[in-house]
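Residues per chain are reported as follows:
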Amino acid sequence: MTARLKLPLAAFILCLLLGSAYAVIRIDITSPGRSLPIAVSELAGPHGAEIARIISEDLDYTGLFAPVDREGFIERPEKAFNRLNWALTGAETVLKGRTEAEGAGIKVTAYLYDVADGAAMLHKEYGADSSLLRPLAHAIAGDIYQRLTGRAGVFRTKIAFVASGKNEKELCLSDWDGQRIIKPGIRAVQILSPHWSKDGGRLIYSALRGGRWGIYMLDFNEMTEKLIYASKGTLIAGDFFPGGDEFIFSSSEEGTPALYTHVIPGGRTRRLTSTRGIEVSPALSPDGQGIAFVSDRGGSPQVYIMDRNGYNINRITFEGSYNTSPSWSPDGGRIAFVGRHEGKNQIYTVNPDGSALIRLTGNGNNEDPSFSPDGRFVAFTSDRTGGREIFTMRADGQGQRSITPKGLNASKPRWSPG
Amino acid sequence: MKKVALFAILLFIAAGCAQKAVVSKTTPETQAVGQKEAVKKAEEAGKAEETKKAEEALMLPVIKKESISEKEITVGKKSEAGISVVEHQQEASAAKRYAAVVKAVCSGDTGGDAALGIIHFDFDSYGIRDDARPLLKGFGEWLTANKVKIFVEGYCDERGTTEYNLALGDRRAASAKDYLLNMGIPSDRIEAISCGEDQPVCTEKTEECWAQNRRARFVILADEKLTKSTD
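Chains A and B, in that order, are what the protein sequence lines are.
If you read the first sequence in our numbering, its first letter stands for residue 1, the second for the next number, and so on.
If you read the second sequence in our numbering, its first letter stands for residue 1, the second for the next number, and so on.
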């Protein structure tokens with residue numbers, strides 16, 4: 001094929017691809033409007049009701065979908081889809097399907113129909129061990145979300161957090177909805193916020209053990225924990241740089257809390273700030289070029305940003321006298337932080353230039369904000385019900401809900417990459 | 001324009017490939033024995049003596065693979081994808097290694113070691129208050145006469161956020177240490193450490209209570225413990 005022919009052909013194929021992709025997108029997530037009415041019918045077969053409930057809850061919590069009340073469904077789960085049965089429910093799309101036991105596992109066939117023309121927008125088979133009903137349901141919800149918004153959902157992401165026992169802390173991981181909490185066996189007198197590598201394969205965190213702070217790395221591929229940095233003073237791990245070999249942290253090893261970077265292979269450490277005051281809680285922009293951090297150089301703790309070499313320092317918080325714990329959104333467009341408001345700690349978001357400040361919480365003390373990988377949700381710690389619990393909310397503050405049991409006394413959530 | 005289109009297609013294809021590549025992420029082989037990889041750290045910066053020896057990797061429990069097979073049937077192109085996420089079993093036997101938590105620093109319980117005394121701070125401040133100066137002077141004189149090493153622990157009230165409170169505790173301990181250094185006590189006899197908002201001496205949510213918790217505590221450690229904690 002000559003070059004003259006190749007390009008028009010390529011353009012033609014691109015149009016087909018884009019055309020088919022856009023044809024089914026019903027929700028423009030960039031301009032929030034009404035929620036899409038969807039009917040999630042019970043799947044016919046074992047565990048069908050439970051799987052449908054999880055899918056429905058996933059979609060509902062995004063705020064982009066409005067699951068239709070099941071009371072109005074007249075078509076039985078095992079019957080074939082007929083769009084006329086759904087027209088009066090108000091649903092624009094319908095999920096139907098069936099499940100079958102298959103050895104020790106379960107097989108699910110799912111269909112997503114368009115009520116307007118009766119076409120199947122999705123027809124997929126899923127198989128999993130029967131102990132994995134929840135992730136299986138999340139996978140189906142993710143496909144529906146992807147098909148109707150054109151974006152990846154976060155239903156199969158994880159949240160790392162720290163549970164507080166009487167005398168020690170323990171690292172925990174849960175699904176995005178707080179279910180299926182697992183404890184890899186990481187315990188210490190104190191554990192601070194864990195930070196994920198970009199590929200989700202590793203976590204770094206500070207832990208106090210035997211009266212000494214260390215920065216530790218949990219490697220999910222090897223299933224090992226290693227001490228990767230130790231010194232005297234307080235060590236507080238921050239984010240990984242995008243490459244995954246280098247991270248930022250704060251340390252008081254030279255007397256006062258300052259910011260440092262450390263390259264894991266080879267162990268090169270570099271100090272970035274040099275005041276006699278407090279510089280702490282560094283958070284990296286997604287491209288690794290910007291650093292948000294907390295400094296008291298102006299007389300009270302405030303959030304500043306600077307470039308990755310420690311230059312061009314700008315203060316971005318001006319309201320109130322106690323602003324800490326910055327965390328960057330995945331697209332770099334917003335910074336979440338904790339500000340003192342009427343004597344309590346609350347979650348705010350702000351642009352990296354200090355404009356467009358919004359307070360998202362107002363009930364109890366709320367701390368440790370961390371964005372979901374799609375930037376649409378924020379996980380945080382709240383004591384509004386008494387003990388500490390992990391909450392999630394949408395990035396506009398809507399839909400605040402507790403996702404961890406009270407007894408865990410959970411805090412310091414960090415959302416995994418997508 | 002056409003070049004852009006071609007490039008876009010390549011990206012499209014590349015993205016597709018990339019997604020597939022991610023599919024079978026992890027092989028949960030728990031096999032990382034004997035990794036005594038030395039944690040090289042601050043050595044270049046001349047802080048070798050501060051640097052703890054690398055510990056060998058802690059083995060974590062066996063992982064169960066979580067895999068969900070997915071097969072798209074009619075819609076879209078032939079795509080077959082399996083997603084796998086690592087899952088690990090509850091309860092780690094290996095983690096028992098950390099079960100014996102060393103007490104003393106920041107534990108609220110110094111294991112029988114004596115506390116020299118306590119000074120207090122104002123809210124969100126690490127300046128030495130006037131009422132603390134006579135106390136610090138007394139500690140300094142005592143340390144001049146008694147050649148022991150001490151820990152200075154910095155504490156905060158509960159109202160701040162965890163990480164900033166740790167930094168504030170550091171700064172409080174450093175202020176107290178600086179005062180003693182100015183009195184001529186050698187730096188290697190005073191180790192400053194932050195305990196943040198942990199171990200409050202008073203747990204009510206009142207200003208009186210918070211004021212008691214904003215403190216620096218001076219702890220004398222017995223010689224043999226000192227050797228252990230600084231090697």
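Hints are not guaranteed to be accurate.
What the hints assert, rightly or not - Heads up, incomplete: computed chain B residues facing chain A, CB under 7 Å, no partners named:
(1) 66
(2) 68
(3) 164
(4) 174
(5) 190
(6) 194
Hints in this document: simulated from the structure, not taken from any laboratory.
All values reported here derive from a predicted model rather than from experimental measurement.
Note that the Cβ used here is the ideal one computed from N, Cα and C, for glycine as well.
Status of the hints after comparison with the structure:
The closest approach between the C-beta of residue 66 (chain B) and any C-beta of chain A is roughly 6 Å, which is under the 7 Å cut-off, so the hint is satisfied. With a cut of 7 Å, the hint placing residue 68 (chain B) at the interface with chain A holds, because the nearest CB-to-CB distance is about 4 Å. Hint on residue 164 (chain B) holds. Least Cβ distance to chain A is approximately 4 Å, under the 7 Å limit. Here the hint on residue 174 (chain B) is kept, as its CB sits about 6 Å from the closest CB of chain A, short of 7 Å.
Because the smallest distance between the Cβ of residue 190 (chain B) and any Cβ of chain A comes to about 12 Å, over 7 Å, the interface hint for this residue is violated. Hint status for residue 194 (chain B) relative to chain A: holds, with the closest Cβ pair at about 5 Å, below 7 Å.
Checked against the numbered hints above, the structure violates only hint 5.
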